[in-house]
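Participant: Here is how the chains run, residue by residue.
There are 2 protein chains.
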Amino acid sequence: MISIGVLGYGTVGSGVVEVLKTNQESINKKAGQEITIKYVLDLRDFPNDPIQEKIVHDFDVILKDDDVKIVVEVMGGVEPAYTFVKKSLLAGKSVATSNKELVAKHGAELLKIARENNINFLFEASVGGGIPIIRPLNSSLTADEIDEITGILNGTTNYILSKMANEGLEFGEVLKDAQNRGYAERNPEADVEGYDACRKIAILSSLAYGMQVDYEDIYTEGITKITANDIKYAKKIGKSIKLLASSKKIDDQVYAMVAPFLIGDSHPLYSVNNVFNAIFVHGNVLGDAMFYGSGAGKLPTASAVVSDVVDAAKHLNRNIMSFWSSRKLELADISGAKRKFFVRIKKDKETTVNQVLFLFENVQIIEIPELTEEFGFVTPIMTEALYREKADSLKGILNMIRIEE
Amino acid sequence: MISIGVLGYGTVGSGVVEVLKTNQESINKKAGQEITIKYVLDLRDFPNDPIQEKIVHDFDVILKDDDVKIVVEVMGGVEPAYTFVKKSLLAGKSVATSNKELVAKHGAELLKIARENNINFLFEASVGGGIPIIRPLNSSLTADEIDEITGILNGTTNYILSKMANEGLEFGEVLKDAQNRGYAERNPEADVEGYDACRKIAILSSLAYGMQVDYEDIYTEGITKITANDIKYAKKIGKSIKLLASSKKIDDQVYAMVAPFLIGDSHPLYSVNNVFNAIFVHGNVLGDAMFYGSGAGKLPTASAVVSDVVDAAKHLNRNIMSFWSSRKLELADISGAKRKFFVRIKKDKETTVNQVLFLFENVQIIEIPELTEEFGFVTPIMTEALYREKADSLKGILNMIRIEE
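Each protein sequence line maps, in turn, to chains H and C.
My numbering puts the first residue of the first sequence at 1, with every later residue one more than the last.
My numbering puts the first residue of the second sequence at 1, with every later residue one more than the last.
Simulated from the structure, these hints should not be mistaken for laboratory data.
Among the hints, erroneous ones may be present.
Unchecked claim - Straight-line alpha carbon distances no greater than 27 Å define the calculated DSSO-like cross-link-like pairs of lysine-lysine that follow:
#	chain 1	residue 1	chain 2	residue 2
1	C	Lys236	H	Lys328
2	H	Lys232	C	Lys236
3	H	Lys328	H	Lys249
4	H	Lys21	C	Lys236
5	C	Lys236	H	Lys235
What the hints assert, rightly or not - Which chain H residues stay away from chain C? Per the calculated CB distances, all over 12 Å, these:
#	residue
6	Val16
7	Thr22
8	Glu25
9	Asp67
10	Tyr82
11	Ser266
12	Asn274
13	Pro300
14	Asp308
15	Leu331
16	Thr352
17	Glu374
18	Ile397
Beta carbons are placed, not taken as given, at the ideal position from N, Cα and C, and that holds for glycine.
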């Protein structure tokens with residue numbers, strides 16, 4: 001029998017309790033032994049919930065109990081999660097966490113402590129909710145050099161963009177609806193400004209390239225500037241607008257960014273809609289692969305946490321996570337990244353189609369009959385730097401959205 | 001250093017040699033030691049290929065060399081692969097194979113031998129080519145009870161159906177084109193009749209449910225009867241036609257089948273086109289997940305084989321594959337499976353829209369203006385048995401395609 005302690009009885013924590021109960025028999029079989037929750041740490045009491053008998057308010061009770069071999073951290077936020085997880089690992093307890101802030105910030109250090117103590121620090125649930133991606137990167141795609149990871153890593157923004165596209169609505173209206181349905185937080189900044197996706201792509205990039213990618217270094221743009229008019233142009237050219245979190249290795253330089261992109265219908269991420277997430281991976285011998293599923297939600301996230309518990313139970317004294325050095329990976333400046341750009345521009349006597357044609361050459365002009373006071377165009381492939389230089393000389397730019405080909 | 005022996009220097013075998021060479025450094029790092037090919041077994045000689053110095057014609061050379069810890073079987077077919085693999089495992093060598101016939105037929109037995117000898121029998125490449133699916137089923141989705149696996153598991157038929165849909169061509173024409181491009185074999189029966197997909201869904205089902213699913217028990221229909229006219233109806237109702245290999249657990253009964261299905265655009269498999277494969281999995285707590293990628297091809301398949309070699313190297317004396325009992329899973333008779341059916345029927349005085357409406361109630365009638373001598377309809381949800389009973393009383397049925405909702 002293996003005893004575990006769960007830190008936090010919020011959405012994911014109560015999901016972990018539920019999953020362990022619902023699939024008790026098959027989980028024990030796969031783990032090779034019985035898994036029992038001994039403690040649940042929470043500041044609150046839950047007098048009408050059977051969990052109450054396991055509730056403790058003091059982390060030290062869990063830390064000092066040698067019965068507890070695995071700690072599940074599902075509190076979120078960097079502190080006190082970091083302190084609790086580090087102490088647990090130093091005490092020889094494996095940890096499974098769903099906490100992307102913690103992993104993005106301290107992943108390399110915590111993995112190192114786990115390795116030194118011959119135990120495991122596992123974080124399948126920190127990216128893509130229930131989608132298996134951390135373990136496949138760690139133990140399936142081992143024959144490949146990964147040269148691209150591009151994901152739709154935030155369900156809230158994907159829901160908002162899907163609904164804007166389906167119903168022709170503006171960002172603000174859909175955000176309100178999403179908040180009412182519980183798909184977006186009252187303070188939606190972390191989602192809609194791309195910060196959540198940024199932490200997740202930092203984790204995936206660190207794993208794929210084996211070095212520390214600091215999320216603060218990743219250029220991040222949210223979806224707040226996307227309008228119903230942008231989506232009219234997207235439809236006209238057969239593309240959809242997605243918030244992509246991407247990191248690509250080109251000539252030994254890694255370019256990482258989070259931003260809204262236009263993608264075409266031949267891209268596997270094109271049809272990932274609503275709250276679903278998906279992660280596209282390109283390997284030098286594998287080619288294209290994609291992992292799709294529920295990127296959030298109580299039970300899918302708990303499913304991923306519990307799969308880590310099973311793995312930790314199967315490997316109690318054997319470290320299984322691979323290399324993620326604390327050496328910092330210096331990202332390339334995105335001003336050198338090359339792509340096409342879609343631009344919407346206000347018509348006036350200074351800004352005409354002819355001027356755009358003269359400035360960019362070879363542009364594809366896009367006009368929407370009902371939008372009489374503006375037009376759109378797609379540039380040829382060029383660097384961000386060159387685009388910015390040319391765009392600086394244009395007046396009346398209403399929006400620019402990058403194109404992923 | 002770990003020496004390996006490769007059985008077969010065909011497409012996949014030469015791919016394995018290429019992948020190990022191309023990504024030598026990172027593969028050795030992930031495996032924790034140097035992996036070297038010591039022998040390649042083939043009946044042929046390759047005088048102008050550097051591989052020649054490793055070529056042996058006698059399997060016993062590999063079997064008797066204690067240096068060889070891992071055997072890669074990429075010959076295909078049941079014999080002599082089965083004999084070689086069994087002998088290798090009994091001699092304490094782990095095996096990585098891409099051979100679906102072997103795994104479908106003898107997987108349970110070979111896994112048992114590996115377990116008894118504390119080594120590994122791994123077969124990531126046997127289903128879905130480069131797509132990680134075996135390892136995720138074995139070690140990622142461990143918190144779930146899997147209740148559905150539905151896959152597009154054959155790239156040849158998916159290419160043919162995609163091309164028929166895109167270009168309005170007939171099966172025969174596209175098959176010829178696929179043969180010319182090397183996407184279909186000269187004898188295409190195993191692909192187009194669904195036999196290949198059938199073996200693969202047998203493997204996935206055995207793993208998901210932990211019991212032996214015999215592929216001979218799986219109802220299997222190919223794509224040879226699909227016509228350009230069927231695709232016109234599919235487009236009219238916003239669906240695509242895919243060869244699905246599916247197994248579903250409903251009330252503790254497992255229904256498995258391989259057949260062409262109509263699927264709608266909200267299904268994640270809808271937009272899996274051309275030679276790509278994808279596997280949709282539903283877990284009772286995870287919800288929906290999908291794994292997508294190159295289902296065949298030299299390098300993607302070799303990538304999966306080599307990932308197994310890395311795993312075998314990391315776990316030289318530790319069995320890591322889970323439960324697949326040799327106890328036979330008795331599949332439910334598909335006559336009890338419920339779904340909607342799409343039917344095309346020839347108009348004549350005995351078979352009218354009214355007769356169909358009377359017989360099935362609530363049908364959705366579909367007419368294609370240019371197809372004046374026929375009409376189509378979609379039945380309500382009913383069992384296969386009831387559908388067949390009603391269909392028997394209708395004259396002039398041109399085709400029936402099941403609908404996946």
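Participant: Could you grab the alpha-carbon distance between C:Lys236 and H:Lys328 and see if it respects the 27 Å cut-off?
Facilitator: 54 Å, violated
Participant: Verify that the Cβ of H:Glu374 lies farther than 12 Å from every Cβ atom of chain C, and report whether the claim holds or is violated.
Facilitator: 31 Å, holds
Participant: If I take the minimum Cβ distance from H:Asp308 to any residue of chain C, is it greater than 12 Å?
Facilitator: For H:Asp308, whose nearest Cβ neighbour in chain C is about 9 Å away, the distance does not exceed 12 Å, so it is violated.
Participant: Decide, holds or violated, for the assertion that all CB atoms of chain C are farther than 12 Å from the CB of H:Leu331.
Facilitator: Non-interface label stands for H:Leu331: nearest chain C Cβ at 20 Å, farther than 12 Å.
Participant: Over 12 Å to the closest beta carbon of chain C is the bar; see if H:Glu25 clears it.
Facilitator: Contrary to the label, H:Glu25 does not stay out of reach of chain C, its closest Cβ about 9 Å off (not over 12 Å).
Participant: At 12 Å, judged by beta carbons, does H:Asn274 keep clear of chain C as stated?
Facilitator: 9 Å, violated
Participant: H:Lys328 and H:Lys249: Cα distance at most 27 Å?
Facilitator: It holds: about 15 Å lies between the C-alpha atoms, which stays within 27 Å.
Participant: The output says H:Thr22 does not contact chain C. Does that hold with a beta carbon cutoff of 12 Å?
Facilitator: 6 Å, violated
Participant: Find the nearest Cβ of chain C to the Cβ of H:Tyr82 and say whether that gap is larger than 12 Å.
Facilitator: It holds; H:Tyr82 is separated from chain C by about 25 Å at its closest Cβ, greater than 12 Å.
Participant: Between H:Lys21 and C:Lys236, is the straight-line Cα distance small enough, at 27 Å or below?
Facilitator: Violated, because 46 Å separates the two Cα atoms, which is more than 27 Å.
Participant: Checking a non-interface call: every C-beta of chain C should be farther than 12 Å from the C-beta of H:Thr352. Is that right?
Facilitator: The claim holds: H:Thr352 sits with its nearest Cβ about 39 Å from chain C, beyond 12 Å.
Participant: Check the hint pairing H:Lys232 with C:Lys236 against an upper bound of 27 Å on the C-alpha distance.
Facilitator: 24 Å, holds
In summary, the structure is inconsistent with hints 1, 4, 6, 7, 8, 11, 12, 13, 14 from the numbered list given earlier, while agreeing with the others.
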